[in-house]
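Enquirer: Could you build all of it, start to finish, from the sequences and the hints given here?
Going down the list, the protein sequences come from chains A and B. FYI, in the working numbering the residues of the first sequence are 301 to 613. FYI, in the working numbering the residues of the second sequence are 301 to 613.
Be careful, since some hints might not be right.
To be verified - Below, a sample of chain B positions facing chain A; criterion: calculated Cβ distance under 7 Å:
#1 MET301
#2 VAL356
#3 PRO357
#4 THR407
#5 ASN484
#6 TYR489
#7 THR511
#8 MET558
#9 GLU561
#10 MET562
#11 ALA595
#12 SER598
#13 LEU601
#14 TYR602
#15 SER610
The hints are simulated quantities; they were obtained by calculation from the structure and are not laboratory data. Where a beta carbon is used, it is the ideal one built from N, C-alpha and C, also for glycine.
Single-letter residue listing:
Protein chains: 2
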Amino acid sequence: MKLPEQVTIYEVGLRDGLQLESKVLTVDEKVEIFSLLQKANVSQIEFGSFVHPKLVPQMANTAAFHEHLRSYPEMNLVALVPNLKGLELAKQTGVKSVNYVFSASNTHNEQNVRQTTEQSLENFKHLSQFASDNEINLNVTVATSFGCPFEGPVPRQRIMNLIEQLLLHNIKRITLADTTGMANPKQVYQLTKEVVNEWNNVEFGCHFHNTRGMGLSNILAGLEAGITVFDASLGGIGGCPFAPGATGNVCTEDVVHMLEEMGVRTSINLDGLIEASHRLGELLEHDLPGQVAKAGKSSRLYPVPNKTTSSLC
Amino acid sequence: MKLPEQVTIYEVGLRDGLQLESKVLTVDEKVEIFSLLQKANVSQIEFGSFVHPKLVPQMANTAAFHEHLRSYPEMNLVALVPNLKGLELAKQTGVKSVNYVFSASNTHNEQNVRQTTEQSLENFKHLSQFASDNEINLNVTVATSFGCPFEGPVPRQRIMNLIEQLLLHNIKRITLADTTGMANPKQVYQLTKEVVNEWNNVEFGCHFHNTRGMGLSNILAGLEAGITVFDASLGGIGGCPFAPGATGNVCTEDVVHMLEEMGVRTSINLDGLIEASHRLGELLEHDLPGQVAKAGKSSRLYPVPNKTTSSLC
Numbered sequence: 301m302k303l304p305e306q307v308t309i310y311e312v313g314l315r316d317g318l319q320l321e322s323k324v325l326t327v328d329e330k331v332e333i334f335s336l337l338q339k340a341n342v343s344q345i346e347f348g349s350f351v352h353p354k355l356v357p358q359m360a361n362t363a364a365f366h367e368h369l370r371s372y373p374e375m376n377l378v379a380l381v382p383n384l385k386g387l388e389l390a391k392q393t394g395v396k397s398v399n400y401v402f403s404a405s406n407t408h409n410e411q412n413v414r415q416t417t418e419q420s421l422e423n424f425k426h427l428s429q430f431a432s433d434n435e436i437n438l439n440v441t442v443a444t445s446f447g448c449p450f451e452g453p454v455p456r457q458r459i460m461n462l463i464e465q466l467l468l469h470n471i472k473r474i475t476l477a478d479t480t481g482m483a484n485p486k487q488v489y490q491l492t493k494e495v496v497n498e499w500n501n502v503e504f505g506c507h508f509h510n511t512r513g514m515g516l517s518n519i520l521a522g523l524e525a526g527i528t529v530f531d532a533s534l535g536g537i538g539g540c541p542f543a544p545g546a547t548g549n550v551c552t553e554d555v556v557h558m559l560e561e562m563g564v565r566t567s568i569n570l571d572g573l574i575e576a577s578h579r580l581g582e583l584l585e586h587d588l589p590g591q592v593a594k595a596g597k598s599s600r601l602y603p604v605p606n607k608t609t610s611s612l613c
Numbered sequence: 301m302k303l304p305e306q307v308t309i310y311e312v313g314l315r316d317g318l319q320l321e322s323k324v325l326t327v328d329e330k331v332e333i334f335s336l337l338q339k340a341n342v343s344q345i346e347f348g349s350f351v352h353p354k355l356v357p358q359m360a361n362t363a364a365f366h367e368h369l370r371s372y373p374e375m376n377l378v379a380l381v382p383n384l385k386g387l388e389l390a391k392q393t394g395v396k397s398v399n400y401v402f403s404a405s406n407t408h409n410e411q412n413v414r415q416t417t418e419q420s421l422e423n424f425k426h427l428s429q430f431a432s433d434n435e436i437n438l439n440v441t442v443a444t445s446f447g448c449p450f451e452g453p454v455p456r457q458r459i460m461n462l463i464e465q466l467l468l469h470n471i472k473r474i475t476l477a478d479t480t481g482m483a484n485p486k487q488v489y490q491l492t493k494e495v496v497n498e499w500n501n502v503e504f505g506c507h508f509h510n511t512r513g514m515g516l517s518n519i520l521a522g523l524e525a526g527i528t529v530f531d532a533s534l535g536g537i538g539g540c541p542f543a544p545g546a547t548g549n550v551c552t553e554d555v556v557h558m559l560e561e562m563g564v565r566t567s568i569n570l571d572g573l574i575e576a577s578h579r580l581g582e583l584l585e586h587d588l589p590g591q592v593a594k595a596g597k598s599s600r601l602y603p604v605p606n607k608t609t610s611s612l613c
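Expert: So this is what it looks like as structure tokens:
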């Protein structure tokens, strides 16, 4: 089992995670979680999105939240943008990195951003030019890369073609997203292996949900294929409001725990991450799906009970 | 990614699963779940254990339950036994297959069955003789094979030595168990690969818990190493009352779903399994940890909403 020595975790809890929560966190609450993440050495954070504030009220304070983040120049702070208007708002706010998202599946893209995948690709040219003119780093996430909840399977060749067209422009990273948790490890291995082999000088990331319990096994499959960037959401919160059936991104502390247990470095302090997850649960006022924050790390040992618990008959 | 074409699922929900539940299922309720499993084509079932009825009341009706199971001669119905007395009770009940469990870690074994691992191995000789004399199939589960909650890591060489000693006797199958969910995929791959390479004519199984979310990724690692038998628990219920911190075996329907999605056959009807899981949740009167029974299969498609849910700014 060949695994990379080091991987990058891209924290999406404050964006993909929070956007499905019924409780809208205030700027102060977001800053508190952000500070805990920063203390735990999480250095790549998608902190919000420039989408319609009435349709996604959880993200309405993204610009105000960003005001508090300027004192961390060493971090990669990214905002999601669905179109040029979002990118313009990000620029006005002083954001230096954005993540443009569109779907490989037409039906999903039409639901999400009211246009076909082809139109989103066409619009991407303008975003790319704007980002370049304004020295903004541009990442792209290809949603429904592993399947669409409306259309079903998405052909591998379609993803390869989309990537080829994206790479005609200046991009920092391309993330293949399993937006509604349909991917299985074999599929992940096959697609990412092909992608990594074809473009070995491009940084590819993967974004998985744990909808059917396969989140960590999909990460394992991606690792084996050579992927070294993974999205994850603190506490395992999240989903996508526009993709029915989606529940729970892969949980950051569970991902980091698995990686560190396997000797794959993340540079993240797991104890600090667990503390941040506990605080997030308090703020959201419900149990979070993550397991490690409840069970503790595998290395946690227990005192031997004084009384035997034998079950002998 | 090389995976086997077909694997065997060994259902442990009625034993490992139920033994941590506060509600004790009646014989009729167990028979109802058993029938649903049987209809879903689950053919290997650990249905109970011969342990102390006062200490494990959930298993006190194991013999009575077995009375109802005689009409399924094509199935592999197994009872757990912790010692010779348990095996004698199993024989009196007419059970044809048993699973002898002891721990690789001394401290865990002392807590569980009041003897050292060495003593359990010594006693195993008598069980082996008794089983042979009475034409009872004998499987062995080595608990804490991937780590002990009291002692920490268990050296790989210790497991290899234990297997070597077990194989001096007549055994149908050896299962390596991650009793408290400490294993990580790399560790699973390394140990199981070594075991499979060393004894390629012996049937080895793996038993994983999802305590830290790594259950399915550990199964993936085992598959890649050549393991073709996996324990799983309907609905993901279970744990071990003698191992603090343990919660939830890997969930049968989630395991079967992942395998089938990857093209690995199980011969199990997933829809029937999901139905059994829903019924188990009703009987236990609480939410079960399994994901697929809630989210539906990856292949489940959704109608396109009439109204767009676009989030454009």
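Enquirer: Indicate, hint by hint, whether the structure satisfies it.
Expert: We went through each hint and held it up to the structure:
1. The beta carbon of B:MET301 is positioned within 7 Å of a beta carbon in chain A (closest approach about 4 Å), and the interface hint is therefore held.
2. With 7 Å as the threshold, the beta carbon of B:VAL356 comes within range of chain A, its nearest partner Cβ sitting at about 5 Å, so the hint holds.
3. The restraint placing B:PRO357 at the interface with chain A is violated, with a minimum CB-CB distance near 11 Å, outside the 7 Å limit.
4. At its closest, the beta carbon of B:THR407 sits 6 Å from a beta carbon of chain A; the interface hint therefore holds under the 7 Å criterion.
5. For the restraint placing B:ASN484 at the interface with chain A, the shortest Cβ-Cβ distance is roughly 4 Å, inside the 7 Å limit, so the hint holds.
6. This hint holds: B:TYR489 has a C-beta 4 Å from the nearest C-beta of chain A, less than the 7 Å allowed.
7. Look at B:THR511: its Cβ gets to within about 5 Å of chain A, closer than 7 Å, so that hint holds up.
8. For B:MET558, the suggested interface contact is upheld, since its CB lies about 5 Å from the closest CB of chain A, less than 7 Å.
9. Taking 7 Å as the C-beta contact cut-off toward chain A, the hint placing B:GLU561 at the interface holds, the least distance being around 4 Å.
10. For B:MET562, the interface hint holds, the least distance from its beta-carbon to any beta-carbon of chain A being 4 Å, beneath 7 Å.
11. The criterion of a C-beta within 7 Å of any C-beta in chain A is met by B:ALA595, whose closest approach is roughly 5 Å, and the hint holds.
12. Given hint, B:SER598 at the interface with chain A, holds; its Cβ is 4 Å from that chain's nearest Cβ, closer than 7 Å.
13. Among the interface hints, the one on B:LEU601 holds; its C-beta lies about 6 Å from the nearest C-beta in chain A, closer than the 7 Å criterion.
14. Checking B:TYR602 against chain A by beta carbon gives a least distance of about 5 Å; that is within 7 Å, so the hint holds.
15. Taken as an interface hint, B:SER610 checks out: its beta carbon lies about 5 Å from the nearest beta carbon of chain A, inside 7 Å.
In the structure shown, a violation is registered for the earlier hint numbered 3 alone.
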